Every structure is written in C-alpha cells, then in structure tokens.
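Given chain A, put chain B in place with the hints provided.
Those protein sequence lines, which keep their order, are chains A and B.
Letter 114 of the first sequence, counting from 1, is numbered 114 in the numbering used here, and no numbers are missing.
Just so we're on the same page, the numbering used here is the position in the second sequence counted from 1, plus 1000.
Just so you know, the hints here were simulated from the structure itself, not pulled from any lab data.
Since the structure is predicted, the reported quantities are computational estimates derived from the model, not experimental observations.
Heads up, some of the hints might be wrong.
[Unchecked claim] Covered, in the sense of this in silico footprint (three residues per stretch, anywhere, with C-beta under 8 Å from a C-beta of chain A), are these stretches of chain B:
(1) 1012-1025
(2) 1081-1087
(3) 1209-1221
(4) 1368-1382
[Claimed, not checked] Listed next, the in silico BS3-like pairs over lysine-lysine satisfying Cα-Cα at most 25 Å (straight line):
(5) K339/A / K320/A
(6) K1174/B / K32/A
(7) K32/A / K142/A
(8) K101/A / K1108/B
(9) K1108/B / K15/A
Ideal Cβ placement from N, Cα and C applies to all residues, glycine included.
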Amino acid sequence: MTEAFPSTLVGPSSKERKYDRQLRLWAASGQKALEESRVLLVNSDGPWGDQSTGVSGVVGVETLKNLVLPGVGGFTIVDPAVVTEPDLGVNFFLEEESLGKSRAEETCRLLRELNPDVEGSFQTQSILELIQQDPEFLPRYKLVLVSGPIKHSSLDALCSAARELNIPVLYTRSVGFYSTFSLQLPATFPIVETHPDPETTQDLRLLNPWPELTEATTRVENLEGLDDHQHGHVPYILLLLHYLDQWKESHGGNVPSNYKEKTEFREMVRSGARTSNPEGGEENYDEAVAAVLKSLNPFSLPSSLREIFEMEECKTPTPKSADFWIIASAVNEFYQQHKMLPLPGSLPDMKAQSADYISLQNIYKSKARRDVEEVTKYVRRVESQLGPRPIDIPDKDIEVFCKNAAHINVIHGRNIPQLNGDAPTLKSLGNNLSIPDSLVTVFIAFQILDGVVTDIQTRGQSGQSLDDEAAWSTQISRAIDEITSDGSQVLDDDCRERILEATQELRRTEGGELHNISSLTGGLVAQEALKVITRQYVPLNNTCVFDGVHSRSEMFKL
Amino acid sequence: MSPIDSPLRWRYLHEVLTKPGPFSDEDWIPGPETISALESSKVLVIGAGGLGCEILKNLALSGFKDIHVIDMDTIDISNLNRQFLFRHSDIGKPKAEVAAAFVERRVKGVSITPFVGKIQDKDEDYYMQFKIIVCGLDSIEARRWINATLIGMVDPEDPESLKPLIDGGTEGFKGQARVILPTLSSCIECQLDMHAPRPAVPLCTIATIPRQPQHCIEWAHQIAWQEHRKDDAFDSDDMEHIGWVYNEAHERAKQFNIHGVTFQMTQGVVKNIIPAIASTNAVIAAATTSEALKIATSCNPYLENYMMYAGEEGVYTYTFEAEKKSDCPVCGNLARKMTVNPKMTLEEFIETIGERPEAQLKKPSLRTEEKTLYQRFPPQLEEQTRANLKRSIRELVDDGEEIAVSDPAYTIDFRYRLIFS
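The following block holds chain A by itself, in its conformation from the complex (with noise of 0.2 Å):
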C-alpha cells in the first residue's frame, strides 16, 4: 500500500472549526468552489404605479443570508428601491435608521455583518443600465438571483445575456403564502459528485469476480473445515462467491438469475449457517442472506449514462471540451473494452476478522486503481490528440469521476419558463393541470401576476395599480387562452375555478412577501445555488412551487 499514515496531530484550523458542520456535507472541495464564486442579486427593478415601490425583495435578502453565512466569496445586491415602512414590517435585514436610505446599500451593509469572510457591495442602478453600460458587469458572476415580479422585457435581456455567458439563473418569486422559482442551467450541466444513496449504490460485483477476488474465495474452499470462530468470521462476500461457485456446479455454469432462483439460492446460503452455537446463528451468514436479492444483480450501464455516451460531446471531444467531456469520453473507452464501468472501490462493513476484512477491501481498493489508470491512460492520449490545452486534467479530479460513475448526471439546461408560446413548456403545464391536486395552477397564478406587472411598468400608466380589477381579468384571460392555443388543451370549469382560486389567495397582499415564506423559498433557492455554484447533489429541473397554504411543494419540469 503506497497511503501513508500522517505522523503527527494536525488540528483543525479555525476556519475548519466555523464551517465544520458544511464540510462534512460538501469536503473542502465544494467549499473551495463556494468560496471563488460571487453572486449578484437583482432585488427589484423599479416601481410598480404610483403606490407601490415593486418587489419587497425579502427572498431574495434570505436567499443571500445563507450562501453568506456559509462563506460564499462575495456578493453584489442590485435595487433601486429606497428604504420604506412596509419593508421593516417584513426585512430583517433592516433597521430603523434605514427608512429613506437606499435599500440596496443598507441590505448589503448588514447582510456583510454576518461574515466577515465574504467580500458585499451594492448598485443603485437598474439591472438593465448595468449590463448596458458595463459589459465586463455580469461576467464576474458565478450565479444571478432575480426576485420577481419584474417585468418581462427586464427578465428577457438579463436572462439571455446570461446565456451567452453560461452563467446559471434563479428566478424567484415570493407573494402572500405563495412562491415560485425557477433555475435557468446552461444547455448542458454536468455533475459528478451526485451523493447518491450509499445503501443503493454498492458496487460489489460478485457476478463479475476479477482474478484477485475469485483467488480469495479459494481460501474458503474448506467451510466446512474451519472452527465455529473462523466460520463465524468469514466475510460475507467470500460466502455469497463460494456459495455462487456451488451454484454454478449444479446448474450448468449458470448465476441464479431471476426472483425465484435467488430465493432458492438465499436459501442455499441460510442452510450453510451453523446454529448449534450458544449465539444460535451467524452474523456473517445473517449479512450473506439479507443481500442476497440487491447484491447478485448482472451490471448494466444505467440508461442516464447511456445518454451522456451517446453525446456528441462526448463522442467527439474538442480542445475546447471541459474537463468533464474528456474523463467522460475516456471512460467510454473503458466501458467499450471491458463492458464494465470502472469499479469504485468501496467495501460496506461487514462481519470480518480485522486482517481478513483490510486484506479484502485492499483487493477492492486495488482493482480501483487499475481502473483509474487505465482510464488516466486513455485521458492523456485524448488530451495529446487535441493538442495543448491550458493545463493537464488533474489526476485527483479522474479519480473522483471513475468512483462516481455510475452516478454522474448531466442537467439540460432549460430557460427559465414563460407563458410565451414555448411548446414544451405548454405541453407540460397542460399534462399537469389534468392532475387535481397540482400546484401547476399556483404557477400560472404567478405568471398572471408577471403579465399585470409587466402592464403596469411598461404603459406606466398613472393610478394604476396592482389591485386594478381590469388589468387582472385581462391577465387571466390572456393565460387562459395562452394555455389552450395549440387546441390539444381544453380547460373544464374545475380546472377554471382551481386557476381563478389560486389568483385569488395571491393577490390577497397585493403583492407583498409574508416573512416566513419568503425565508423558507430563500433556503430552498440559496439550496439550489450551493448545489450549482459546489457542483454537488442534484439541482432542480427546473420549476419548483411551494404553496404555504397547504405546507407542500412540487417540481416542474416546463
């Protein structure tokens, strides 16, 4: 084994010592990520009428509380919305002394108080003057926060420039005891480091044995010949490869392959336990039993994988391909070969004799590292083929993939969803009308309120309002007719009725947060930012509503 042990104690540094709770969710890795990445957040983007100031914009403060907190690199609150009653009766980061003063520059003067890690500043400007003026503006950014409502023609160019760039955008809306996001990816977003399961995803293969592994279940030939101590004692794995070697014998060479032979073979297993001992069974065979029916399954490439093989990206990498696109490629390589993925290495504890079990898992951990080699073999060749690239794929970083891959995700980026003649988007939302109890109705409720903002800022018209009767009829009809315009949807009166409600419960603060739930989407969206920005777990696809009504959530693919 060529790990060695540390020699001597090395405490934790007192950075490790603030964010150890988070480390141990996403490792030093996904904080390095966090940590070089800032976000901008785009509060608001002027009035709505003569009455109201536009957007309160408490998610989107609460959305920033926790990537601060956490140690995000740093972040920029752009608001042109000055400091009024009302905000005090719902912002927390507000006080007293700021009414009058700009809402931008007071949010981000306590939102910096929380760490002093992260690096905060502010722009009184609209989002639109910014990214006119400044083109070098929105390239600094890792992630975009909107928080709506705001206007259509705002969100549009703020949205697409960010496409251009690649950089990911949340749009978020919060109102009454409603609130809607949605997660604008790039067209493809690749994840390695999904966290799966770890109870679903062992990799053992025992149908498979490599030399090394079938040579240790030669030393277990004689069970019947070991004392009740060593019998008790013999890992679990080596019983199920002994166990399947007499199985074999007696059908043909064959593997128990369907439901029933496995129960016979389960049994098979249980039979070779001793229980004349004082405990009246074994462990180890209790271990062999229970994973009979999730261990002895033939390896298949998980169809999700398929998919990424069959990419063109991944087919034919360019000197321009992320890293990702290059690994990904090297182990299709590898699967072609050996039809196989890499192995992952890991061993689940097991009852074990403490030499039998490490000599064990080092003929897993060696295996491992085969694999890796031969797919870091196939990266470099890939890599020279293309040419120079900056630098080399880090070693650590095929590493990481080959034990992930099984799990590995690629995320096709959506644009964030619009009642604007987008097929699919239409599709979908009609497939989940026809579901009673969906919260699809609260998000069309959402987009109903987008379009009477939209009115409102665009014709500018004096005295209108966000309670103005009218201009909500006209919304609502124009969804309506939206939704059925490709004639494949017909909206019966229930459908009506459960749209016109959930209007109904969003108007009922014209337009005004409801701290507690505004603070809980700003967990659900800075979640979703931590998961983009660290490249970890798995991101919404791509729609999420919340309905605090009821106390549920839904997600939305449209």
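Showing chain B alone in chain A's frame:
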C-alpha cells in the same frame, strides 16, 4: 420618526389577517380581533440554535409581540456558519440571551424573554402561560420530554390547557416540520419509530476486531480512555481530550492497517455531529413559524400534520397525516407491543431497549404489575434486583404480560406488552 406600530409597517401581514382567502375557514372573522389575538399570543421557543435563531426572527416578523426562549447552551465557533444572530465576539455567551437581545433590537415593539437553562427546570405552571410552543431542538430526548409534559397538562374541561406543539428538525439537506395537538393528534412518541437511531457498533468489534476508522475512534473513546484517564471526565469540547482520543485511535488504526482516521472524523464520532447548514434550517424553521401564524390567526388552514423535506436531489417535500397510535406509551391508553426472545437474559434485553426504534430508552428500570424486575435507583433497590439481570425473560415474565419502563430522562412510565418470539 413614525410610530412603531404604524399600520403601514405591517401592511402585508395585515392584508392576510383582515380579508378572507379562498382556503380560509368560512367561519373565520378577519379583522382587528384577529390582529389583537395574534399580538396577545404568548409563544415559547425551545432552542436558540440553528432553528431557534430563525424561529425567533420569523415570529417577530409575523407579528407576535411576546416571545420567550429557552436554551442552556453557549455559543461555539462551529455555530457561526448558520446561527446568524451570533458573531465571533459572542463565542462563550449564552445563546438564549444573545439571540433574544439581537431580535429585540432589530424588530421594534417585540419583547423576547430569554431563559438560560434546561426545559426540565420549568414546571407545568410555566408552560401553561403560553399559547403555542415551537421547538427547534437537536435532541430526541428533549422533544420526548416536552411532548410528554404537554400531553400530561391537557385538561379536557379547559381548552386553554391544550398547547399546540410545533416541532422542527434537520440533518444536512433534510428535515421535517410537524404540528402536534396534544392528546388530539399523533404525537412525538407515536412517531418515534420514524426516527430510528443509528445502530451502534457491537462492543466486541470495537474491542477485538476493528475494521473501520470509526471502530478505532470508538475504542479510543470508550476503552482506552477508561484504561488510562478514568479520573478525567471526558469532555468532547476539550481539544486536548479530542486530540488524545485522535492519537490513540490513530495508533490503533496503524496497528490494524486501517486507513482514514482524521481529526474531523474523531470529532464527528465522539460528539455525534450531525451536518447542519443555514439553508435547511431556514426552510424548516419557516415551515414551523408559518404554522404558528396560521394556528394563532386562522388566516389559512394549518398543517395536518407532518411535512418532510429532502433537498439532495431537487426540492422534494412530502406532506401527510401521521397516525395517532392507540398503543402510544404517552398519548394512547394501550401498552405498546414489543417482541422479545424469551431466552434472553434480562440484562441482554435491557441493552436492546436503548436501540429499539419503539423505545430508545438509555437507562431503563423495569417492573411488572406485581414485582420490580430491575430498578437502578436507589442503590439498595438496585442491589436487591441485580440478581434478576442474569435470569431469562421467560423466568421473569409471562408471554403477553405488560411491563412498565421508567427512565431518568422522563417523568412518565412507558408501557409495553412483551410478546415472545
């Protein structure tokens, strides 16, 4: 300066309190009475940690004016990644006091009364003064204690004696919020087996056949410490103590050729650290306070009665009604069934009680209707009943017999009906 309670300041909140919505109860009368009912509702927050900080902020910005908070802990550096009311300069100060002062300063017109101490320090009279109790705890034991206490306080003749308990809990990207109406709906104890403890590593593995780095750490913590430093009380917050355990674990790992003992892992194992982040706390805390607002005002229906949340893969929540169990040892009237191997000794059986999902009692004393099986306190009684430990269950109780289990952590007895396997 404008008056603190200007209607303009609370405009959005008051909108939902002064007009009905499509889902609010038809009998509900929105208006000034609802607002004054909210403002006069005294709320207790248990815990001023990751959830508690958020809960205090949320209640203050939901219009509650009289809030109390209990927490026995002081602020540690590892709290600062999520407990946003605390700064580096607050390390070592009591959480309840710092949190209360911060929210009072920020939100004008709210009164927050801190108590630095344990929930068990307070009696029924204390708990009786509150309208709603919101819990943000990391300890199952404390949850079970407050649950049993609130259920014991219910007087069917006096509706005011029924205190809704709203409970939140988180672990990493996951969490749950639940509403409990003591004696009327499923309680913490009814749901106990939904939160099973992690199985402990058998002592023989730790003592003789370690295979994992965690086994070496447990050995250093449980066995080596006893052998070499039994006169020092082990303190998991003392860096020297953790360092010693780490070094011992490290040596043992080397001896068995086991890789992966780290300082961080050592701390995690001996302190049973649960990963915690600001965003999950925000979700769960706000879920509980949203229910508090709805219960106090009826502006919308409240949660019946459980919402679980998981954020590792997208945003997933599941809202359902957990069942009230007639054999719940706290709110039911039947003894709960417990299957037991009659060949076990009483001692072996007692060891399993700490881990059984339906019991989770660490220091149980047991008796049947006629006799005491094993009693830990006082010492004379312990001595008298000690001999039973070596006897088999079959010798001591009949199949189907009921036993009462008490534990120093709780004031009530837990009733189980033993069914022989």
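Hints versus structure:
Coverage of a stretch by a chain is defined here by at least three residues with a beta carbon nearer than 8 Å to that chain's beta carbons; for the stretch 1012-1025 of chain B and chain A the count is 8, and the condition holds. Given a C-beta distance limit of less than 8 Å, the hint that chain A covers the stretch 1081-1087 of chain B holds, as 4 residues qualify and 3 suffice. Counting residues of the stretch 1209-1221 of chain B whose CB falls under 8 Å from any CB of chain A gives 4; the rule of at least 3 is met. Proximity of the stretch 1368-1382 of chain B to chain A, defined as three or more residues with a beta carbon under 8 Å from a beta carbon of that chain, is not established by the 0 residues found.
With a CA separation close to 28 Å, the supplied pair K339/A and K320/A exceeds the 25 Å bound. This hinted pair checks out: K1174/B and K32/A have alpha carbons roughly 23 Å apart, not beyond 25 Å. Taking the CA atoms of K32/A and K142/A, the gap is near 13 Å; set against the 25 Å cutoff, the hint holds. The hinted pair formed by K101/A and K1108/B meets the criterion: a straight-line CA distance of about 18 Å does not exceed 25 Å.
For the given pair, K1108/B sits about 34 Å from K15/A by alpha-carbon distance, which is inconsistent with the 25 Å threshold.
Violated hints, in rising order: 4, 5 and 9; the structure is consistent with all others.
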